[in-house]
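Undergrad: Keeping their order, the protein sequence lines are chains A and B. Under the working numbering, the first residue of the first sequence is numbered 2, with each subsequent residue one higher. Under the working numbering, the first residue of the second sequence is numbered 21, with each subsequent residue one higher.
To be clear, the hints were calculated from the coordinates, so they are not data collected in a lab. It cannot be assumed that every hint is accurate.
To be verified - Here are a few chain B residues that sit away from chain A, every Cβ distance over 12 Å (derived from the structure): (1) Leu47; (2) Gly86; (3) Ala120; (4) Tyr246; (5) Asp248; (6) Lys276; (7) Gly278; (8) Gly279; (9) Lys351; (10) Gly355; (11) Leu366; (12) Arg387; (13) Arg395; (14) Glu408; (15) Asn453.
As the list claims (entries may be wrong) - No farther apart than 25 Å at their CA atoms in a straight line, the calculated lysine to any residue pairs in the SDA-like style are these: (16) A/Lys4 <-> B/Ser277; (17) A/Lys70 <-> B/Ala390; (18) B/Lys417 <-> A/Gly182; (19) B/Lys386 <-> A/Pro299; (20) A/Lys324 <-> B/Glu200; (21) A/Lys323 <-> B/Lys303; (22) B/Lys361 <-> A/Arg215; (23) A/Lys323 <-> B/Ser381; (24) A/Lys219 <-> B/Arg414; (25) B/Lys23 <-> B/Glu340; (26) A/Lys323 <-> B/Gly278; (27) A/Lys276 <-> B/Glu340; (28) B/Lys255 <-> A/Ile74; (29) A/Lys276 <-> B/Lys66; (30) A/Lys324 <-> A/Arg216; (31) B/Lys107 <-> B/Asn453; (32) A/Lys4 <-> B/Arg414; (33) A/Lys324 <-> B/Met114; (34) A/Lys4 <-> B/Ser381; (35) A/Lys318 <-> B/Lys255; (36) A/Lys4 <-> B/Gly278; (37) B/Lys303 <-> B/Pro48; (38) B/Lys386 <-> A/Ala17; (39) A/Lys318 <-> B/Glu347; (40) B/Lys383 <-> A/Lys65.
Where a beta carbon is used, it is the ideal one built from N, C-alpha and C, also for glycine.
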Amino acid sequence: MSKYLVSPSPHVHAPASTKSLMIDVLLALLPAVIVSVIFYGWGELMVLAVSIASCVLLEWAITKWLLKKPCTIADHSAIVTGVLLAMNLPATTPWWVVLIGAIVAIGVAKMTFGGIGQNPFNPALVGRVFLLLSFPTYMTHWEAPKGLWGLDATTGATPLGVIKEGLMQGSTVQDLMAEHGYSYSQMLFANLGGSAGEISALALLAGFVYLLCRRVIKPHITFSIWGTVIVFSGIMWLIDPAQFTDPIFNLLTGGMILGSCFMATDYVTSPMSAKGGIIFGVGIGLIAMLIRYFGAYPEGVSFAILIMNMTVPLLNKWFHQKKYGRA
Amino acid sequence: MAKRTFSIGGVHPDDAKIARDCAIEVLPLPQTVYISMAQHLGAPAKPIVAVGDKVKVGQVIAEPGGFISAFVHSSVSGTVKSIAPRKDISGNLMTHVEIAVEGDEWVEGVDLSDTLITKLPEREVALERIKACGVVGLGGATFPTHVKLNPGPNAKPECLILNGAECEPYLTSDYRILLERTKEIVIGAAIMKNILGPECKCVIGIEENKPAAIKAVEEAVVVLGYQDIDVMTLKKKYPQGGEKQLIDAVMKRQVKSGGLPISVGAVVQNVATALAVYEAVQKNKPLITNTLTITGDCVAKENLHNYLFRIGMPLSYIAEYAGGIPEGAAKLISGGPMMGKAIANLDACTVKGSSSILYLSAKATKRAEASACIRCGRCADACPMGLEPFLLNRLAKAGDMEQLEANAVQDCISCGSCQFSCPANIALLDRINMAKGQVLGIIRARAAAAKAAAEAAKSNEAK
């Protein structure tokens, strides 16, 4: 008898593992990665490669030499951070800036807290915001992308940046939209300036649908962000369409889709309960729109997610799911 | 009618009912049986035979050891060889009556024919026979059936729920009896319904993955002409067969924490129990047989079986008869893969509630190494009691009994859905079970202290 296992129930396990979930996230990001490489060419590939390689190597090195804990790179979460960080950076970012971003993301935001599952803030976003504050020139300067096969995206600043600047100079939203020829189809299918993660809303949405179908994530956080953005910007736009951009523009531009589908839904840094998740999403939508409309930066999704990350422990404390037989 | 299921949590393991087409076969008698005195929940039974006694099949060999306890009968005819401690499947010692088998001679008064008896006896007669025949719940908990069917004068049973969910993967014994002993089960349900009173209706709940059983039971209810017995098709979801979950699914009511099903008017009995009730009441046959499944992912097709066994048969004897332990087996389990017990001792013997010998390969059962919690919340989504296993696990690690109780660790039904779902392979249930035991101990001690204080106050008043 001694050769047989004896341990408590359950004796079987569902097929999903941390690694399989991370692979699903990577697969979901693949369409957007492919589109961005097509449009931004070798520069984008370089940013992706440096970001992924440095994130994985850093995590390996830190677990081995600093923490002296079992290595965790096999769970693929460092790769996910690497891809997400790269997608938040312009294709023209120099390699050493990417490396600094990775050091902040993995080294500071993830491993100082003890690695996967312990970090209060989304590591890729911490990396991005650090770079945005430290190297604003690289982070907001969008040179004409040289796509593979001669495909060219529009040059210049992102639509959000253009409109913020234009409004400050006294122009109106309608004039700016017409002047720059922005259209919703462009935003959906990839043609506007921005970082890799901003280029094609449609490719990102395809990945989001994949994650929903595979039940990797639940939709409530994303939908509550979208709902808040639509309602808030809808009201503002109806009040004054000359000063405030419309809801669809706000959903499709900047990091809104990437942030709401892939960053705000990060397991570790989002609330556990459905109620908590909805409040979390509403907070992100509101803060992002307040920054876009009234803040100094044209884009506010990253800040909004990081700010709401801080509320997660409280939301987890206050909101629990409904228990059986307890009113 | 839309298929119903319970409203909170649940998981969908592969149901793996690979033995579903194996008709029930009768196991031959071994040379010796060892009948445990702990065949039921509650106090162990007290042996009333002595070494050297001759016993017949169906003869009482042990009496209830308390209010919640049950009679135990000999499953064979022969000579009592010893009354001594022996290891159960977990290796714990329990008194067993050892009987050397001689022939197969039954006690007087047991109807061994196949004749279906449809006439229902009086309530008191039926209840007395259920008690005398040692019937216990065969859905897993083995709670004495006569106690559950007699909830007291203040209780108002509204619905008898017959549990045919068989939500544990692999197990097919309930399915086979639903197909092969359909009418007996339905009559058993009618007997229990009668005992519970004229206002009590009956719902037989069966999961959708057993369409043949649903059809058979529906037909049997019509043929037998019972008006207020309904068959309800349930969605396939684990742990549908959990008592609280089944009440939620069928009656859309939830039992309060710490409460009994009867508080919401529900009495839940397993289909195998209904069969045992039929045999006890209509045939005067004590509960000495039940059905078990020989199954598992590493079992060859020809070695899959559903057996009618007698209590006290050594598992090793059954395993041997069924073709031996399969080559790739890494773990032997008594019960289903979600809540069954790992068999540490194959020389242990069958009891009234035995339901399977399940052989799982290392691939199916080996625990992967645990990694850090990624806070995905899958354990909380899976928990059918609406608990937060990740939180309970953390509190248990910290030994915070107060918070464990506040977060309802005592409500855990140990179904294993959390641990099954955890992508980080954290042994959530292992730790939660330990914490639950401690918290329940604290709650009991507090209740006892409160009672003692109240009594002391009373006696002071009297002075």
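Undergrad: Taking the hints in turn, state whether each one holds.
TA: To see whether the hints hold, each was checked on the structure:
1. Separation of B/Leu47 from chain A is adequate, the least Cβ-Cβ distance of about 21 Å exceeding the 12 Å criterion.
2. With 12 Å as the threshold on Cβ separation, the claim that B/Gly86 sits away from chain A holds: the shortest Cβ distance comes to roughly 28 Å.
3. Even its closest Cβ contact with chain A, about 25 Å, leaves B/Ala120 beyond 12 Å, as expected for a residue assigned away from the interface.
4. Distance check on B/Tyr246: its Cβ is at least 31 Å (rounded) from any Cβ of chain A, clearing the 12 Å threshold; non-interface status holds.
5. Against chain A, the non-interface label of B/Asp248 holds: every CB pair exceeds 12 Å, the least being about 27 Å.
6. Its closest Cβ contact with chain A, about 5 Å, brings B/Lys276 to no more than 12 Å, contrary to its assignment away from the interface.
7. A beta-carbon of chain A is positioned within 12 Å of the beta-carbon of B/Gly278; the least distance is around 9 Å.
8. Residue placement check: B/Gly279 does not keep its beta carbon more than 12 Å from all beta carbons of chain A (closest about 7 Å).
9. Its beta-carbon lying about 4 Å from the closest one in chain A, B/Lys351 breaks the requirement of being farther than 12 Å from that chain.
10. The Cβ of B/Gly355 does not lie farther than 12 Å from every Cβ of chain A; its closest approach is about 8 Å, which violates its non-interface assignment.
11. Consistency note on B/Leu366: stated as away from chain A, yet its beta-carbon is not over 12 Å from all of that chain's, at 6 Å minimum.
12. Listed as a non-interface residue, B/Arg387 fails to keep its Cβ farther than 12 Å from every Cβ of chain A; the least gap is roughly 7 Å.
13. Distance check on B/Arg395: its Cβ comes as close as 5 Å (rounded) to a Cβ of chain A, failing to clear the 12 Å threshold; non-interface status is violated.
14. The Cβ of B/Glu408 does not lie farther than 12 Å from every Cβ of chain A; its closest approach is about 6 Å, which violates its non-interface assignment.
15. Here B/Asn453 does not stay apart from chain A, with its beta-carbon only about 7 Å from theirs, under the 12 Å limit.
16. The hinted pair formed by A/Lys4 and B/Ser277 fails the criterion: a straight-line CA distance of about 41 Å is larger than 25 Å.
17. Annotation: proposed proximity of A/Lys70 to B/Ala390 holds, straight-line Cα distance about 14 Å (limit 25 Å).
18. Between the alpha carbons of B/Lys417 and A/Gly182 the distance comes to roughly 59 Å, so the proposed pair goes past 25 Å and is violated.
19. Using a Cα cut-off of 25 Å, the hinted pair B/Lys386 and A/Pro299 is violated, with the two alpha carbons roughly 52 Å apart.
20. A C-alpha spacing of about 39 Å is found between A/Lys324 and B/Glu200, which places the hinted pair above 25 Å, so the restraint is violated.
21. With a C-alpha separation of about 47 Å, the suggested pairing of A/Lys323 with B/Lys303 is violated against the 25 Å cut-off.
22. Pair hint B/Lys361 plus A/Arg215 does not hold up; C-alpha atoms about 32 Å apart against a cutoff of 25 Å.
23. Of the supplied pair hints, the one linking A/Lys323 and B/Ser381 is violated, its CA atoms being roughly 37 Å apart against a limit of 25 Å.
24. A hinted pair counts as satisfied when its Cα atoms are at most 25 Å apart, and A/Lys219 with B/Arg414 qualifies at roughly 24 Å.
25. This hinted pair does not check out: B/Lys23 and B/Glu340 have alpha carbons roughly 41 Å apart, beyond 25 Å.
26. Among the hinted pairs, A/Lys323 with B/Gly278 is consistent with the structure: their alpha-carbon atoms are about 17 Å apart, no more than 25 Å.
27. Our distance criterion of 25 Å between C-alpha atoms is broken by A/Lys276 and B/Glu340, whose separation comes to about 55 Å.
28. The hinted pair formed by B/Lys255 and A/Ile74 fails the criterion: a straight-line CA distance of about 40 Å is larger than 25 Å.
29. Proposed proximity of A/Lys276 and B/Lys66 is contradicted: the alpha carbons are some 54 Å apart, above 25 Å.
30. The suggested pairing of A/Lys324 with A/Arg216 holds, with an alpha-carbon distance near 22 Å, which does not exceed 25 Å.
31. Note on B/Lys107 and B/Asn453: the hinted pairing holds, with a Cα-Cα distance of about 23 Å set against a maximum of 25 Å.
32. Under the criterion of a C-alpha separation no larger than 25 Å, the hint pairing A/Lys4 with B/Arg414 is inconsistent with the structure, at around 33 Å.
33. Restraint check: the Cα-Cα separation between A/Lys324 and B/Met114 comes to about 38 Å, which exceeds 25 Å; the hinted pair is violated.
34. Of the pairs offered as hints, the one joining A/Lys4 and B/Ser381 holds, with about 13 Å between alpha carbons and a cut-off of 25 Å not exceeded.
35. Among the hinted pairs, A/Lys318 with B/Lys255 is inconsistent with the structure: their alpha-carbon atoms are about 33 Å apart, more than 25 Å.
36. Between A/Lys4 and B/Gly278 the CA atoms are separated by roughly 40 Å; this puts the pair beyond 25 Å, and the hint is violated.
37. Distance restraint check for B/Lys303 and B/Pro48: the Cα-Cα separation of roughly 22 Å lies within the 25 Å cut-off, and the hinted pair is therefore satisfied.
38. Proximity of B/Lys386 to A/Ala17 is assessed by CA-CA distance (about 15 Å); at most 25 Å being required, the pair is judged to hold.
39. For a cut-off of 25 Å, the pair hint linking A/Lys318 to B/Glu347 is broken: about 50 Å separates their Cα positions.
40. Note on B/Lys383 and A/Lys65: the hinted pairing is violated, with a Cα-Cα distance of about 30 Å set against a maximum of 25 Å.
Comparing the model with each numbered hint stated earlier shows that hints 6, 7, 8, 9, 10, 11, 12, 13, 14, 15, 16, 18, 19, 20, 21, 22, 23, 25, 27, 28, 29, 32, 33, 35, 36, 39, 40 do not hold.
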